[in-house]
Amino acid sequence: MEVMTITSENFEKEVLQSAEPVLIDFWASWCGPCRMLSPIVDQVAAEATGGFKVGKVNVDEEGELAEQFNIMNIPCLLVFKDGKVANKSVGMIPKPQVEQLVKSAM
Amino acid sequence: MYDIIIIGAGTAGLSAAIYGLRAGKKVLVLEQLSYGGQIINTPEIENYPGIKNISGFDFATGLYEQAAALGAEVKYEQVTGIADGAEKTVTTSGGTYNCKAIIIATGAKNRPLGLERETELVGGGVSYCATCDGAFYKKRPVAVNGGGNTALEDALFLSNYCSKVYLIHRRDAFRGEVKQVEQLKAKENVEFVLNATVTALLGREQLEGVEVTDKISGEKRTLQVDGLFIAIGQMPENAVFAPLIKLDAAGYVEAGEDCRTNVEGIYAAGDCRTKTVRQLTTAAADGAVAALAACAYIG
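For the record, the sequence lines run as chains A and B.
Okay, so the first sequence: first residue is 3 according to our numbering, each after it adds one.
Okay, so the second sequence: first residue is 1372 according to our numbering, each after it adds one.
If you are wondering where the hints come from, they were derived from the structure by calculation, not from laboratory data.
Since we're looking at a predicted model, the values are computed, not measured.
All residues carry an ideal CB built from backbone N, CA and C; glycine is no exception.
Everything hinted at is true.
Stretch-level coverage of chain B by chain A, calculated; a stretch enters the list once three of its residues show a Cβ under 8 Å from a Cβ in chain A:
no. : region
1   : 1408 to 1422
2   : 1494 to 1500
With a cut-off of at most 25 Å between alpha-carbon atoms, the simulated BS3-like pairs for lysine-lysine come out as follows:
no. : chain 1 : residue 1 : chain 2 : residue 2
3   : B       : K1446     : B       : K1480
4   : B       : K1480     : A       : K90
5   : A       : K86       : A       : K58
6   : B       : K1556     : B       : K1509
7   : B       : K1396     : B       : K1446
8   : A       : K97       : B       : K1446
9   : B       : K1509     : A       : K90
10  : A       : K90       : A       : K105
11  : A       : K86       : A       : K97
12  : A       : K105      : A       : K15
13  : A       : K97       : B       : K1480
14  : B       : K1535     : B       : K1510
15  : B       : K1446     : A       : K105
16  : A       : K58       : B       : K1509
17  : B       : K1617     : B       : K1646
Looking at chain B on its own, in the form it has when it is part of the complex:
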């Protein structure tokens, strides 16, 4: 019997573990893949208060070691369901665990385009992480799809390596920072492909190009690229909680700044819940809020 079971070992989940453990609670953290969450893909973090510069990997490892040193139990198992009752239960690929409170901290993952053969081509030209894979496309033509900060950052990063960078966006204006758009406009090897969507991935084992369709004219055009970097945002993975927990239309857990869900004693922390700002600091903050709320609930 645990006091608190935390689902997800990203920044929100591990922060919650630290607060729960420091309050003297018995904590189990369940993670399906590896600790750290999305931040491990970030080469340099420069906006976490009090830390000038740190890699995402070092940050995640520090957080993990801090939680582990306090006595966090971490199991690498996939959660298949949760249930409410006199005791709450969490079912996983490895067993069933009882607890008094649950914190859902499942984060978010990269949203795929949903095109045919997209999954197959990951490893053969399709990527969701420009900073991880960009260096393999030196002097080669690539495309970035998206209009937010990640897409703009990716395009800028790639423009330093690649012979050509097409920035494909479904609108004619960007959601991302104006400064970055200006920087991209000044680059000779960057071409904006606006009001357009990627409609097909070309090539067999390796990507050889993408078909883009103009949203206004309906005209199709082929861009000959060796790489496509998809940066169209994130999506949550909360379907497993849907029978019990209220989700919004996009699948995020409905919870406010107090991290409370529609079920008493079950909380949602970090990117997996409805919120406007999804940053490292807000994930850590949610971890603290949810854990302290869980402690108060347990009594």
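In isolation and in its complexed conformation, chain A is listed as follows:
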């Protein structure tokens, strides 16, 4: 599955109005742990057989989205379900935990 680049423009449509849960990775290029987590999120997306979507928000480019969801630490993973935050995880976590974060919202 393709990882979506989420911006304030497509956020409403791709995330809030999504029929399926959406895993969103809030990250920045200068954040080492974000760059460690990023390929894991890519892998989770690549191996997914459906049932959820995956997107990334660059907090430098999308400061408003980061502020809207009170992102104070990155990397931060949010799982949106029915337009609301269902799960949240802060910091680097291993792949099984990323999968669990999504699954528990499905």
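Once you have looked at the hints, place chain B on chain A.
The following block gives chain B in isolation, referenced to the frame of chain A:
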């Protein structure tokens, strides 16, 4: 059957892997989280000999790719125990592995304050990495807790963004560099809160303030801050080895510059062992020393 199993894929562990592999040994590296270790949190490294400037992420990735290209096997599993015998064994969340020598390179992690709701508030105002999270506190009041170089660097970094920076330290003198203390004193938005400890975290979902207690008078004071950056040092994670390996009172593996532990054929490299200097270069150096000692032991 492996020649050497290395526990931890930080700078010490990956350096050990490179030396072991170049000596022709079969090497397995076990890591619970991600390769790179603590250095991935550092935006810029400027004290590694021969490299003027590199990000921690690039350094870690380079090290990982170097080890992988030499044939290192890396498994992301948590080690639950080790045992000595004719063959040594390492048990993990994923299985049991046999080897001739073990190198413990588990590093260290940020020491928490141990306050109620501290873990819950990570992501809501509590942070252990000012360079990662500082930018989210632009024009907002924050506090830094600690007295070493990291705390001073964090306070300086944050003073460029934040409306106010309280530097809370349990003593009246700093362990960190004098130059940095002077720089901080010159900043108008930095206030020193000395001889004080953080005794409570205030706020529900988001941090709204911290309660500090003066160690001399016992007086309590509330600092209204949106962020608390904890920089009170590191702690090792070696409890799993304690039945076999001698640890000091703080939990570091007792080993000298030769990286030898109390068990023959088991070595400790990098921040996880007793030592006075914990730097990137000393972690890499330990990796080499431990791997070559392991090679000599295997024969």
